[in-house]
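Following the numbering used here from start to finish, the sequence shown increments by one per residue and tops out at 285.
Treat the hints as calculated values from the structure; they're not laboratory data. Hints are supplied without guarantee of correctness; some may be wrong.
Unchecked claim - For each label pair, taking beta carbons as the anchor points, the in silico distance ranges come out as: (1) 100 x 65: 19 to 27 Å; (2) 77 x 164: 24 to 32 Å; (3) 50 x 203: 35 to 43 Å; (4) 27 x 50: 29 to 37 Å; (5) 217 x 82: 22 to 30 Å; (6) 185 x 47: 54 to 62 Å; (7) 54 x 88: 47 to 55 Å; (8) 153 x 213: 20 to 28 Å; (9) 47 x 140: 58 to 66 Å; (10) 55 x 184: 49 to 57 Å; (11) 81 x 201: 27 to 35 Å.
All values reported here derive from a predicted model rather than from experimental measurement. Built from N, CA and C at the ideal position, the CB exists for glycine as well.
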Amino acid sequence: MKADHRHELKTNELADWLSHLPEWTKQNITTIIMVCVVVVVGLGIYTWRVYNYNVVRVRERAEFTNLINQLAGAKAQIVRAQDQAQTRDSSFTLLQPAKGLETFAQSTKNDHMAALALIKRAEALRAEVHYGNVEKEYFTSQINEAKNSYTEALQRCPDEPSLAAAAQFGLGLCEEEFGNFEQARQIYQEVAADPDFEPTVAAAQAKYRLATMADYRQQVVFGPAPKPAATQPVTQIRPPDSSQPTDIITPFNIYRPLDLDLRFPAAPNPPAEANAPGEN
Numbered sequence: 006m007k008a009d010h011r012h013e014l015k016t017n018e019l020a021d022w023l024s025h026l027p028e029w030t031k032q033n034i035t036t037i038i039m040v041c042v043v044v045v046v047g048l049g050i051y052t053w054r055v056y057n058y059n060v061v062r063v064r065e066r067a068e069f070t071n072l073i074n075q076l077a078g079a080k081a082q083i084v085r086a087q088d089q090a091q092t093r094d095s096s097f098t099l100l101q102p103a104k105g106l107e108t109f110a111q112s113t114k115n116d117h118m119a120a121l122a123l124i125k126r127a128e129a130l131r132a133e134v135h136y137g138n139v140e141k142e143y144f145t146s147q148i149n150e151a152k153n154s155y156t157e158a159l160q161r162c163p164d165e166p167s168l169a170a171a172a173q174f175g176l177g178l179c180e181e182e183f184g185n186f187e188q189a190r191q192i193y194q195e196v197a198a199d200p201d202f203e204p205t206v207a208a209a210q211a212k213y214r215l216a217t218m219a220d221y222r223q224q225v226v227f228g229p230a231p232k233p234a235a236t237q238p239v240t241q242i243r244p245p246d247s248s249q250p251t252d253i254i255t256p257f258n259i260y261r262p263l264d265l266d267l268r269f270p271a272a273p274n275p276p277a278e279a280n281a282p283g284e285n
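Please work from the sequences and hints to get the whole structure.
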């Protein structure tokens, strides 16, 4: 078949398809609409995923970092106030970042960040009652809140060794703060013996806690403060009503001449001689 003839046939087929395109469109309008909808929805989902990964997650990380910095700054402020022997209790400054961490954990869909936020919130609540002077009821309430945060963190991310170990170790600290040393010891032993937790910081902390727990259980009694040493009496060298000696030089003043007589007193007049002229 010649090339010109083949080209003519293809042109005729294209012209025939274009002539029947309106009719084909009317017959398949439903299918065309469905395909367009699927394409638009697919593009929308892809765009949203990209936006969520590049914008929302970055925003969440920035917010979480800001909350952690607030918590660290509040702790530093409290320690600085205690070093300066200030009587004002500033431990309440830890409550604001603790509330922010709780809100963040409830709003984020990232389980790892939520678990870490809950662990940091529990640490803030425990630090607040230890830095401040609180009543027993308030102490119990805050430690229970910390236990709830540790438990929720463990539920949000049970398969992440570092977070799970930190949450479980925090539960042991809460039990120890309540005086339940046997429960705390059992939790520490579980953390230290779990092979999945071996490379984590919490496992090392649990081992150290087990080794030193006997020291924490001992009752510490402070002895009486030593009596202040007796002060030596001050010896009065000169009576308070004595006048100053006459040979003290007065302060120099540029507006008055220096009185040299105060520093170099005049010599006394010599006695008169018997055969002085003019006297017989």
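Hints, verified against the model:
Roughly 22 Å separates the CB atoms of residue 100 and residue 65, a value that falls within the hinted 19 to 27 Å. With their beta carbons about 28 Å apart, residue 77 and residue 164 fall inside the hinted range of 24 to 32 Å. Between residue 50 and residue 203, the C-beta spacing of about 41 Å keeps the proposed range 35 to 43 Å intact. Between residue 27 and residue 50, the C-beta spacing of about 33 Å keeps the proposed range 29 to 37 Å intact.
Between residue 217 and residue 82, the C-beta spacing of about 29 Å keeps the proposed range 22 to 30 Å intact. The beta-carbon spacing between residue 185 and residue 47, approximately 56 Å, falls within the hinted interval of 54 to 62 Å. At about 50 Å, the beta-carbon gap between residue 54 and residue 88 stays in the expected band of 47 to 55 Å. Evaluation of the 20 to 28 Å hint for residue 153 and residue 213 yields a pass: the beta carbon distance comes to about 26 Å.
Residue 47 and residue 140 have their C-beta atoms about 60 Å apart, which keeps the hinted 58 to 66 Å range intact. Checking the proposed 49 to 57 Å range against residue 55 and residue 184 shows it holds: the Cβ atoms sit about 53 Å from each other. Remark: the range hint 27 to 35 Å for residue 81 to residue 201 is upheld by a beta-carbon distance near 34 Å.
Violated hints are absent here; each numbered hint is respected by the structure.
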